[in-house]
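So the mapping is simple: this note's numbering equals the position in the sequence shown, first residue as 1, plus 151.
Any given hint could turn out to be false.
[Unchecked claim] No farther apart than 27 Å at their CA atoms in a straight line, the calculated lysine-lysine pairs in the DSS-like style are these:
#1 K203 / K170
#2 K178 / K163
#3 K203 / K191
#4 K198 / K178
#5 K167 / K191
#6 K178 / K167
#7 K191 / K178
Rather than coming from a laboratory, the hints here were simulated on the basis of the structure.
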Amino acid sequence: MTKEDPALEFSKFAEKLQKEMDEAEEKHRDKEPSQIIVYKFNENYGKYLRNKK
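Turn these sequences into a full structure, and let the hints guide you.
Structure below.
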């Protein structure tokens, strides 16, 4: 029985993660996915340039 416990915990964790991803997707549904990717890229690239100095 102890061998199945980690798998059970992981499946619960995976369900929770999937639920959070679905909720986040609903929040950004009005934006195009490409816009979100470009926004994230610009944000990360800006951090990169600031840290590069």
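Going down the list of hints, with the structure as the test:
1. K203 / K170: violated, 37 Å
2. K178 / K163: It holds: about 23 Å lies between the C-alpha atoms, which stays within 27 Å.
3. K203 / K191: holds, 18 Å
4. K198 / K178: Holds - the C-alpha atoms of K178 and K198 are around 25 Å apart, at most 27 Å.
5. K167 / K191: holds, 24 Å
6. K178 / K167: holds, 17 Å
7. K191 / K178: Holds, at roughly 16 Å.
Consistency note: the structure conflicts with earlier hint 1 alone.
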